[in-house]
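Below, each chain spelled out in residue letters.
2 protein chains.
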Amino acid sequence: MILQANSLLSFTEKVCISAGMGPREAHVFAESLVHANMRGMDSHGVMRLGAYLRRIREGVLAVGAEPEIITDGDTLLSVDGHNGVGVWIAQRVMEQCVERAGEKGVCIAGVKNCNHFGCAAYFTHFAAERHMIGFAMANSPKAVSPYGGAEAMFGTNPLAVTVPAKGGVIYDLDMATSLVAQGKLILARKEGRSVPSGWGVDAEGNPSTDPAAILDGGTLSAFGGAKGYAIMMLIELLCVCLAQGMPSTAMGSMYGQARPQGTGFVLGAVDYSRIVDADTFETMAGELIASVKSSRTAPGVEEIYMPGELEARRFERARREGIELSDVVAAELTSLGEMYGVPFTSACAL
Amino acid sequence: MILQANSLLSFTEKVCISAGMGPREAHVFAESLVHANMRGMDSHGVMRLGAYLRRIREGVLAVGAEPEIITDGDTLLSVDGHNGVGVWIAQRVMEQCVERAGEKGVCIAGVKNCNHFGCAAYFTHFAAERHMIGFAMANSPKAVSPYGGAEAMFGTNPLAVTVPAKGGVIYDLDMATSLVAQGKLILARKEGRSVPSGWGVDAEGNPSTDPAAILDGGTLSAFGGAKGYAIMMLIELLCVCLAQGMPSTAMGSMYGQARPQGTGFVLGAVDYSRIVDADTFETMAGELIASVKSSRTAPGVEEIYMPGELEARRFERARREGIELSDVVAAELTSLGEMYGVPFTSACAL
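Chains A and B, in that order, are what the protein sequence lines are. Residues in the first sequence are numbered from 304 upward in steps of one, following this note's numbering. Residues in the second sequence are numbered from 304 upward in steps of one, following this note's numbering.
Isolated chain A, as found in the complex (with noise of 0.2 Å):
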């Protein structure tokens, strides 16, 4: 089934209304959902709305809830989420430390009582198109063991960077800090789809190409042996100590049992206008980036990608062609639909 990016996301932010949401609330969760199908993440796009809604009828994810700063230390902030919707929450905190960041040259916010803010790009977008680098990560539930270990003890602890830039093509990192995105294990095991080896173990510690038993019981690894092992222990401890979230090992799933997750967030933005021209800046980032994608390529590759690129053209052929939905995934949304009064296949089918 294929949808025009407009129709699935005026479908989305209807239903997300009429499970309680405010319009703004309700908008900025259903566009970041639908630009990460834009973007090719399916795995952090509609798909996972059932799970969002599961947990509003719960009565453990808090619709309407803003954030709230419990300490204002003038660049950096101490925020409480309030068990909102983490993309709503995320967004809001986002905004705010933009607006700080250009009073200050740079802000950093710590977010307690938060939950799963989908795709982190959503969020380091608002702050580079105001010609700031906008940063963002979190916490997540458990997954992913310790370099040398066998016990999951860190969530797939996403981190995005976005670093504006002139000539078509900007630095646009949004990764998870395991080897792949718990997200592509759902969607796999959704689908009824086997993984490559290499994304985890299962609970005895064997490799396994089943993503039910690496999700149930097992391990995902951590990218990058030791030194990404490194990078996901420092966002654990940013959003633990800093933002004051759970430990990973102690946080709700969105999968699991009714409670609140508890995630940390960390979120930034630097106004690099503050120190150097803004234009000279992202003329100097186009320049750079440029030289790296016109080197020399390796025998076989045909292209050399920023982070984030081979996201933007997607999105732009989404904008153009519209977006592809698996079956599994339009039935539960035409399922969706009918439990909260908004008709899916007439409003959405190209």
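Hints listed in this document are in silico derivations from the structure and should not be mistaken for laboratory results.
Since copy identity is lost for identical chains, a pair holds within one copy or between any two.
Straight-line Cα separation of at most 30 Å, DSS-like style, residue types lysine-lysine; simulated pairs:
#1 Lys-487 with Lys-596
#2 Lys-487 with Lys-317
#3 Lys-445 with Lys-469
Starting from the known structure of chain A, fit chain B onto it as the hints suggest.
Frame of chain A; chain B shown alone:
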């Protein structure tokens, strides 16, 4: 040859003063080298002294230079390193970052016209000892190809972050974003050893175990595939666009032709006590570290380490038992001692 740390420090300091450094500059520079040896990072220790001194004699490394703030953006500083000794410039800038972070919460400095800053943990320790998160990164002469590429576009672009914690073990990352540090290849070449396959490729792009073949015309690989390349690219962007350093591709080498390097540094400090009681922060960090260290290990693994933990143990052992130098390095120091009128053997042998 085994030397007392203090003897090696005293010798190195005297040689540096004889080479024209001021007393505090010589102390900081010498301590950074000796600390690297003590931490087992021999590749960044006194084996590099000769190369630094040669550059001073060639007039391409400015002893006595002080960093100058070009643009004071409150929480962002644009600094000119005036081609000074990298370790000294970075230390002086970190001192300013810590002072400013104490006033503002966060301070990030971009520093241009710099030279190799040695072991980056030296500066981040300075921040951590003052109950702040310290971070440091630099770009460096081209040696590493992008993911999918075959041309050296990046340096080994090191990243260091230190997070204070109670309980004896801190988080103390100091890594090259290449799979291995170039210094390890330089040391292997100096000592006539081959290196494991996978560290890099030769000029034709073929995997090589000959450090000379990798260093001369070949390229290193980034750690962690596409994700590690993304971290390396981010460091390059920040060091070029925010710090206004030379791109790695245009940067002077410590070992190549006699010209200033033009390295860019990004240094910073975060005073977490602005939003979280420092004792609480460090207690939570210590508990999180302890929980990860005590988690179940994979078969065949004895212990899970924090980044920098092994280095800290080596440091304590070196403090008690002295520093072991290879014959090649000891001979080089003897010869440098003769050149600068500071006898090596009598001053240093344990």
